[in-house]
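Q: Sequence:
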Amino acid sequence: MFEFSRMESLLRRHRLRRLTVDGLDAVFVRDPVLVRRILVSESKNYGKGELFRKARNLSRVGMLSEDETMHRHYRRLANPYLRSTKVDEYVPTMRDIVRDIVSSWRAGDAVDIQSEMCRITCAIAVGTLIAGLPPETTKALSERLACLAWEMIRKPLYGKSAARAARPGASRRLSQARKEFRELLAECIADLMASPESTVGYLSALLADSDDKGNRVLTAEEVCEEAAMMLTAATVTTASVMSWALYVLSRNPSAEERLLKDLMQRRSGSAVHDHGASSYTLRFLMEILRLYPPVWISCRKALSDVMLGDYSLPAGTNVVFSSYLLHRDPECYPDPHRFDPDRWLSIRPSKVDASYIPFGIGSKGCVGELFAWQELEVILDVVTQEWKLTTESDRHVRTAPETTLHPRRLLMVPQLR
53 MFEFSRMESL LRRHRLRRLT VDGLDAVFVR DPVLVRRILV SESKNYGKGE LFRKARNLSR
113 VGMLSEDETM HRHYRRLANP YLRSTKVDEY VPTMRDIVRD IVSSWRAGDA VDIQSEMCRI
173 TCAIAVGTLI AGLPPETTKA LSERLACLAW EMIRKPLYGK SAARAARPGA SRRLSQARKE
233 FRELLAECIA DLMASPESTV GYLSALLADS DDKGNRVLTA EEVCEEAAMM LTAATVTTAS
293 VMSWALYVLS RNPSAEERLL KDLMQRRSGS AVHDHGASSY TLRFLMEILR LYPPVWISCR
353 KALSDVMLGD YSLPAGTNVV FSSYLLHRDP ECYPDPHRFD PDRWLSIRPS KVDASYIPFG
413 IGSKGCVGEL FAWQELEVIL DVVTQEWKLT TESDRHVRTA PETTLHPRRL LMVPQLR
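Each step along the sequence shown adds one to the number in the numbering used here, with nothing skipped, and position 59 is 111.
If you are wondering where the hints come from, they were derived from the structure by calculation, not from laboratory data. Mixed in with the good hints, there may be bad ones.
Estimated spans, in silico, between C-beta atoms of each pair [as the list claims (entries may be wrong)]:
no.: 1; residue 1: Asp387; residue 2: Gly160; range: 34 to 40 Å
no.: 2; residue 1: Asp392; residue 2: Ala238; range: 29 to 35 Å
no.: 3; residue 1: Gly417; residue 2: Arg461; range: 48 to 54 Å
no.: 4; residue 1: Ala272; residue 2: Glu60; range: 45 to 51 Å
no.: 5; residue 1: Thr271; residue 2: Thr121; range: 25 to 31 Å
no.: 6; residue 1: Asp152; residue 2: Lys231; range: 25 to 31 Å
no.: 7; residue 1: Glu421; residue 2: His389; range: 34 to 40 Å
no.: 8; residue 1: Arg158; residue 2: Gly361; range: 21 to 27 Å
no.: 9; residue 1: Lys231; residue 2: Pro386; range: 35 to 41 Å
Listed below are the simulated DSSO-like cross-link pairs for lysine-lysine, each with C-alpha atoms no more than 27 Å apart in a straight line [claimed, not checked]:
no.: 10; residue 1: Lys313; residue 2: Lys353
no.: 11; residue 1: Lys440; residue 2: Lys313
no.: 12; residue 1: Lys138; residue 2: Lys191
no.: 13; residue 1: Lys403; residue 2: Lys416
no.: 14; residue 1: Lys207; residue 2: Lys191
no.: 15; residue 1: Lys191; residue 2: Lys231
no.: 16; residue 1: Lys353; residue 2: Lys96
no.: 17; residue 1: Lys403; residue 2: Lys100
Glycine is no exception: its CB is placed at the ideal position from the N, C-alpha and C atoms.
With these hints in hand, go ahead and build the complete structure from the sequences.
A: And the structure:
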């Protein structure tokens, strides 16, 4: 397992340091200014890194293509379904989905929060991004996606456990969940192809994509791959973040009180801002994302000999950086391990460095960021309206840095408000 405290110690007083990471030689970058150069101003000099490539096995086309032109093209195809005005339209559907799922909880019965957050986020992704399916198909697809997301979240990303999981047949549950989801998704795509008059939703946009001669660009299999990637990415990260949000809320009564008050004001349209700053709800979520960024580590590879600041990197160098460590840099965030939403009253996410990158930055930043912010607030609002969640007071929840940064095991007991 990746040891954050050990890595912090190794990198202390180092902007860059050559280390062996997951068995490969790499340069680990701790300087947020240099990380921004890698991701933004000098991004053309860096491609996908060799480390952790095993986590990106859902699609090799579209947005995960090595081809920068293709990547931008498929971002543009997804954008109409993720822009702010469209996301606003999704809110009633999001609320209905969350209410329906949490209404099945029973007061006093322990709930596996991460599994439930997978159910919620997957139902939201399918219910909003894929239109025109029969209700029973929508339900079945979201259930299969939830199984896949749950297995993906826990997929080892680093070290010996990742090597064991990569052996043939080792990840049977993940392979089976992927197979079952893709089979049903492929059926939905086939139905859409047989009904060319259907032009609504993300799947239809992928199927309608054509070249200047009117020929379809993606095969049905490639559409399936791209949609599977998009839907999985839209769920595993949000489910992990929401799990942390509900856990932290259960351990901070004063934060819970302030959050409930702010959410009530936002529902009534009477929300006030503290000295012109963001709402407490937004500050709360920003702090959760600072402490527990779901995409906790990233890798790029120098495509040619490059200078990164004052450092010369030969072509092929693996360059690694961790948003978890960047977000806990004491030079940027005093008392960095403390949960303090009000730090965002005086701090703003920097536009000149990468000290706060929960969604990434630059041309490869998360295309669904606006969707995620809205979804997080809706889930938080509906769950806390309905339930008060608690954990055992002496139970320590461990951090699991796997495909996402998630709680190792999180059982919570709901009580009606």
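Q: Which earlier hints turn out false for this structure, listed by number in ascending order?
A: 2, 3, 5, 7, 8, 9 and 10
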